[in-house]
Amino acid sequence: MSARDLAPVLLVLGVLAALPFLGLSGSLLNFLVTTLIIALAGLGWNVLGGFGGQYSFGHAAFFGTGAYATAILQMKLGWNAWSALGAGIGLGALVGLAIGFLSFRAGLRGSYFALVTLAFAEVFRILANAADFTGGAAGLLLPLRPGLATLQFADRRLFVLLVVAFVGVALLASRWLERSRFGAHLIAVRENEEAARALGVDALSVKLRAIALSAAITAAAGGLYVQYFLYLDAGVAYGTWISVEALLAPIVGGIGTAFGPLVGALALQGLGELTKHLAGGVPGVDLVVFGACLIAVIAFAPQGLLGLRRRKRKARAVPVGA
Amino acid sequence: MYAPQILIEAALNGLMTGAVYALIALGLTLVYGVLHIINFAHGALLTVAMFAVWGAFALVHVDPYLAMVGIVPLMFGLGYGLQRFVIGPASHGNDNNVLLVTLGLSIVLENGLLALFRSDTRALDSDAALQVIELGPLLLSTPRVIGFVAAIAVTGLLWLLLNRSDTGRAIRAVAREKLGARLVGIEVDHVYAVTFGIGCACLAVAACLLMPTYYVNPRSGAAFVLVAFTIVVLGGMGSIAGALVGGLIIGVVESFSGLLLGDSLGQIGIFLIFILVLLVRPTGLFGARA
Chain A
1 MSARDLAPVL LVLGVLAALP FLGLSGSLLN FLVTTLIIAL AGLGWNVLGG
51 FGGQYSFGHA AFFGTGAYAT AILQMKLGWN AWSALGAGIG LGALVGLAIG
101 FLSFRAGLRG SYFALVTLAF AEVFRILANA ADFTGGAAGL LLPLRPGLAT
151 LQFADRRLFV LLVVAFVGVA LLASRWLERS RFGAHLIAVR ENEEAARALG
201 VDALSVKLRA IALSAAITAA AGGLYVQYFL YLDAGVAYGT WISVEALLAP
251 IVGGIGTAFG PLVGALALQG LGELTKHLAG GVPGVDLVVF GACLIAVIAF
301 APQGLLGLRR RKRKARAVPV GA
Chain B
1001 MYAPQILIEA ALNGLMTGAV YALIALGLTL VYGVLHIINF AHGALLTVAM
1051 FAVWGAFALV HVDPYLAMVG IVPLMFGLGY GLQRFVIGPA SHGNDNNVLL
1101 VTLGLSIVLE NGLLALFRSD TRALDSDAAL QVIELGPLLL STPRVIGFVA
1151 AIAVTGLLWL LLNRSDTGRA IRAVAREKLG ARLVGIEVDH VYAVTFGIGC
1201 ACLAVAACLL MPTYYVNPRS GAAFVLVAFT IVVLGGMGSI AGALVGGLII
1251 GVVESFSGLL LGDSLGQIGI FLIFILVLLV RPTGLFGARA
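Line order of the protein sequences matches chains A and B.
FYI, the working numbering numbers position 233 of the first sequence as 233, with every residue one higher than the one before it.
Throughout, the working numbering is defined as the position within the second sequence, counted from one, plus 1000.
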């Protein structure tokens, strides 16, 4: 990666890292953390869905696994938060590999892949809701123990920095995908799997590596979520809302681009907060707006918000009358 | 072990629920057969129909079975309009886009209902739900027997419509060969919308059959939609007979896994079948296409 690739990432990270120190209120900090966590989950989805063209409707399977592993390892086995988070990310990647191996080996694509991922997430949700070690329907409550080893900070701004760091790593990974040989293979498989195979690309292996990376990033989002909010149940961890949010962010922001998920998450969460304020406590109105945005983006801006900018620039570049 | 009477009752209850499941799955499989796409808004549209049945009863006291006369054409119109003016134009003919547009639609419908009706659960306050038919030593709930008979009848009607009418011939032509159908003068967009409308009409019938014994809240459809997906995949995407057989099988499986595993784990049997069928035989029992 060249300096020209790195510069925008560093600039964005700098701005994000400075935000919490502008005297934001507690609720704005919460909003920032939630938005960045959704952006991170979206960055994960984008690796598989954006660059790889495999639309998962069940990324909650990875988010939830990362979250539950992070919480359970600390609570039941007494691990420190850092290694628990790391193990959660690793476990998420393994779950991704397993689901990917089963689905891609069976040749599932398009609607079929979307359905099978959705079903896996539902199976996990039902199991987590019924099992003992996940706290069952009552959920898990991480004990409040501020400290560096428990990743709980009295100053919430420090946690924002931690999430920004994770978003930074995911952004760099996405940048790398745009430039690397692996990324080129992944895009080739997305555009035309048969042709890519004919050119000697091992499609199964490429898709497996993509789903593992994608799942790991989304599992990190889950681990950070539980570490910040200190509470988890099956509906939060494996519910459809996170699967939907993880795919909305990149699609609205710009599918298959490094910054798309971040832009999409900021735009959608901001819009959601605004609608919630305007609607005055009527439940569901913010989600109606999300759904309408999804339809509108696909109808009018299939390349997402970032695509709009690019199209404008292109239009400007074409001389009048050409 | 369980007494034989309990097992027989579980099987019969499963078959009765399964027939209504099949009716829900019919619309899904029909739309898949023609548009070659999974309609993710199917569950939310079922919820809309269920609220319509509830509203008709709560506001003007219309019997749910009688309400069919009004709600079926209304749902047909809604489905026709959605396909013609939202899903079709928004998706630019790209399969992944249809998937996402119908997902967006389901989010809008589900949460629109949540905003209107809140998350309260509503049921019909009717004593019809409690009536039973005695069959020797077995007691069968009357609304469920009606549901079973009506669901089988509607499946038969739909089969006749598809195989004996001009509309049916046009639908099958579009499903088989879109371009060819267009060349012989069939209006493909119209046929798409009609098919989507018929799918929604099936949901309306299902809603009228379900409501006497069931309840509705904005998330009700979501509980049915994965079941319907499972049935469609099990039966073979696009197969009417497959939807019926798949529905009955799933109904019985659910009934028995509920009996053996309890309510909270009972549904897992369905999902495991779903994943297994997708992975082992994605063409389903009646599907021919690889």
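Quick caveat, the hints were computed from the structure, so don't treat them as lab data.
Heads up, some of the hints might be wrong.
Stated by the list, open to error - Chain B regions said to be covered by chain A (calculated; three or more residues, Cβ under 8 Å):
{"#": "1", "region": "1042–1055"}
{"#": "2", "region": "1136–1143"}
Unchecked claim - Calculated lysine to any residue pairs in the SDA-like style (CA-CA distance at most 25 Å, straight line):
{"#": "3", "chain 1": "A", "residue 1": "Lys276", "chain 2": "B", "residue 2": "Gly1112"}
{"#": "4", "chain 1": "A", "residue 1": "Lys276", "chain 2": "B", "residue 2": "Phe1117"}
{"#": "5", "chain 1": "A", "residue 1": "Lys276", "chain 2": "B", "residue 2": "Asp1166"}
{"#": "6", "chain 1": "B", "residue 1": "Lys1178", "chain 2": "A", "residue 2": "Gly110"}
{"#": "7", "chain 1": "B", "residue 1": "Lys1178", "chain 2": "A", "residue 2": "Arg109"}
{"#": "8", "chain 1": "A", "residue 1": "Lys276", "chain 2": "B", "residue 2": "Arg1219"}
It should be emphasised that the depicted structure is a prediction, and the values quoted were computed from it without experimental measurement.
In this text, a Cβ means the ideal position worked out from N, Cα and C, and glycines have one as well.
Here is what the structure says about each hint:
no., hint, result
1, 1042–1055, "violated (count 0)"
2, 1136–1143, "violated (count 0)"
3, A:Lys276 <-> B:Gly1112, "holds, 14 Å"
4, A:Lys276 <-> B:Phe1117, "holds, 17 Å"
5, A:Lys276 <-> B:Asp1166, "violated, 49 Å"
6, B:Lys1178 <-> A:Gly110, "holds, 20 Å"
7, B:Lys1178 <-> A:Arg109, "holds, 22 Å"
8, A:Lys276 <-> B:Arg1219, "holds, 20 Å"
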